[in-house]
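*Asks:* If you want the building blocks of each chain, they are given just below.
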Amino acid sequence: MAEQAYTVASDSETTGEEKSSTFPEIAIGVDIGTSQCSVAVWNGSQVELLKNTRNQKMMRSYVTFKEDTPSGGVSSQLFHEHDLLSGATIFNMKRLIGRVDTDPVIHASKNLPFLVQTLDIGVRPFIAALVNNMWRSTTPEEVLAIFLVELRAMAEAQLKRPIRNIVLTVPVSFSRFQLTRIERTCAMAGLHVLRLMPEPTAVALLYGQHQQQASHENTGSGCEKIALIFNMGAGYCDVAVTATAGGVSQIKALAGYTIGGEDLLQNMMCYLLPDSQSLFKNHGVKEIKSMGLLRVATQDAIHQLSSQTNVQVDVDLGDGLKICKVVDREEFEEVNKNLFEKCESLIIQCLQDAKVEVEDVNDVIIVGGCSFIPKVKNLVTNIFKGKEPYKGMNPLEAAVCGAAVEGAVASGINDPFGYLDLLTIQATPLAIGIRANGNNFIPLIPRNTTMPARKDVVFTTIHDNQTEALILVYEGEGKKVEENHMLGYFKITGIPRAPKGVPEINVCMDIDAANVLRVLAGVVMPGCRQPAIPVMEVRMPTVDDGHGWCAEALNRTYGASLNLVTLQKKA
Amino acid sequence: MNTLSLSSNLSISKPFHCLPFSNKQQRPSHMKFVIVSCRTIKVKSNDTNLYNILSLSPKSATMDDIKKSYRSMALQHHPDVCHDPSMKEECTRMFVKVNAAYETLSNPMLREEYDCELGLRRRMISNVGVSEDEKWRRRWQQQVGGLKMRSRTRMGQKGGSWGNRMRTQNMKN
Chain A
1 MAEQAYTVAS DSETTGEEKS STFPEIAIGV DIGTSQCSVA VWNGSQVELL
51 KNTRNQKMMR SYVTFKEDTP SGGVSSQLFH EHDLLSGATI FNMKRLIGRV
101 DTDPVIHASK NLPFLVQTLD IGVRPFIAAL VNNMWRSTTP EEVLAIFLVE
151 LRAMAEAQLK RPIRNIVLTV PVSFSRFQLT RIERTCAMAG LHVLRLMPEP
201 TAVALLYGQH QQQASHENTG SGCEKIALIF NMGAGYCDVA VTATAGGVSQ
251 IKALAGYTIG GEDLLQNMMC YLLPDSQSLF KNHGVKEIKS MGLLRVATQD
301 AIHQLSSQTN VQVDVDLGDG LKICKVVDRE EFEEVNKNLF EKCESLIIQC
351 LQDAKVEVED VNDVIIVGGC SFIPKVKNLV TNIFKGKEPY KGMNPLEAAV
401 CGAAVEGAVA SGINDPFGYL DLLTIQATPL AIGIRANGNN FIPLIPRNTT
451 MPARKDVVFT TIHDNQTEAL ILVYEGEGKK VEENHMLGYF KITGIPRAPK
501 GVPEINVCMD IDAANVLRVL AGVVMPGCRQ PAIPVMEVRM PTVDDGHGWC
551 AEALNRTYGA SLNLVTLQKK A
Chain B
1 MNTLSLSSNL SISKPFHCLP FSNKQQRPSH MKFVIVSCRT IKVKSNDTNL
51 YNILSLSPKS ATMDDIKKSY RSMALQHHPD VCHDPSMKEE CTRMFVKVNA
101 AYETLSNPML REEYDCELGL RRRMISNVGV SEDEKWRRRW QQQVGGLKMR
151 SRTRMGQKGG SWGNRMRTQN MKN
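If you read the protein sequences in the order shown, they are chains A and B. The opening residue of the first sequence carries number 1 in full-length UniProt numbering; numbering runs sequentially from there. The opening residue of the second sequence carries number 1 in full-length UniProt numbering; numbering runs sequentially from there.
Bound-form chain A, shown alone (with noise of 0.2 Å):
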């Protein structure tokens, strides 16, 4: 083949530029869960999920590390779940990528049976499998790129034509910094991305392909439809309010969480065995068994809970440590309470964002792995009065389904039924601010804001005769900086002298249809027309990993003496 595995790209070069040329290609759509992963592609007149050789649709997300060839779900043979348990497969990717070792995520990750090891300083964490009683160092990148590699040989072997670009669903509650980490990821694996869709959205998508075969009109009319759409999977819980009419989606509110069946699972290890943690604290060899002994058990006992009322929990964890226990379905629920709450939560949060009432909603979407746990599925029809569920749409195949229908359209192809007259209006997840008027976080940009988007606001300087100021940008709801997510910063130089107050620095948020942030910010002072030195433009995120230092070092350094506080205009 004459695209290399692994391609280096500079920053720029993985994202937006490349965007706006034409492509004559269909993108495919991706799907790459914490725990499995799918392909699809529009072949012409409908989507068509692509198999791998052993027949599969549905493939699991891991990469087995052994002498020197890795390989991934996607290829490499299933013996025994044991396989994979132990210490040389590494999985859960979505959890890791783009995490830092304070996060609590990360935290929780350590009881995988694979290395993840925290210094607990805001750097990334140490990963690595056991090959050969060896610790091999890897990152979530590294192994997420491998697996990209095979997904792509997959299609390759199937479509027989070169693959370049795809649409990849995410999760909602993705930072700018993790998205990035995935383009990357995507550009070592060779692959362009040619949009990264939240997976509600994805879902959204496809309803409004739905509505539109269904109803037969004219695109732009039609009976508007508001579906909510609850997607909660292995790793992550997604929400979106979508108002659909005509093919176009309107994504009026979003709201997702670090939250999902891996979730459920440890807690229900820690339930099993209370003392998991520190027994398997070491990750030697032996803890390294028992614990994916304890992981395959839980696993099939939540699994079975959801057609049963009880389980018979029956494991060997060796070393004389044996668990055997009746759990009933009551007991898993319990044990999750907090879980299922933090969900219903997502639920009202976004409906409220959204000012869409309980009773306006035409159709309830669930969907994702966790969807088929009756706990799950019951907590979003009580918050709709016992409406029953959108039928019609795989669970598990939704968001890459709609992720292919999205590849087609961005690929400009046409359907003669127009059937790919679609379109989905985003909006942004997160606020995306600047630090001022001390350590407050000021959004620019506040959360489900539709894009393309630009928003700004005039500061001021807070000291007499400042001549340089910071801007710190961050993404976040909290509304203290700490409680965000720095994506970066620079200096505004030159601004002429002057009492404090009167330098009127405009910043200016702009993301773009491909999601690309920029910021801007220019000095004028009252009294010109041209603004007093030349704008500043800069390409967000520009940090690296460590963003938590750079906050701490920059204020360190400068303390107040570059802050900015909002301009109050005198009326």
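Read the hints as simulated data drawn from the structure, not as lab findings. From the three backbone atoms N, C-alpha and C, an ideal C-beta is built for every residue, glycine too. Incorrect hints may have been included.
[As the list claims (entries may be wrong)] Which residues of chain B face chain A? A partial, calculated answer using Cβ under 10 Å:
(1) K59
(2) K68
(3) V81
(4) H83
(5) F95
(6) N99
Once you've looked at the hints, dock chain B against the given chain A.
*Replies:* Only chain B this time, still in chain A's reference frame:
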């Protein structure tokens, strides 16, 4: 695009102090927005009238019409449906404008305010008017972006009036 457009914005965005307010428009809350930049711009009022942006009739447009029109405009102007790279920029600009119009008109309260401020509730605007009143009105039309700001403020976002004014200006250029 951004560098250029922002710098051009900056050059024209100086506050214009206290426009004369017609007594008919007795809405004290306007005062917040009086300092919207106000250079005479060679734009027809058609381009800044939110109804015109969505091709709607100000008098008869129902909520359904507004939504329908927004969707069909989105299908025409959203950058995702534009496959000519050289047009992306223009599409983005247009869609932001369409979206701004939709946000005001789809909110009954904001729409009523907007109608009043346009003078629609009294009489239709004539483009040939020469009286002070008309001049003011036309100038006001160019400032309608400022109104969007109020909707933002209402929705709980603090600060940013200048921002929206900037955007309004930006859209006009």
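*Asks:* Provide an ascending list of the numbers of those earlier hints which the structure does not satisfy.
*Replies:* Structure breaks hint 1 only.
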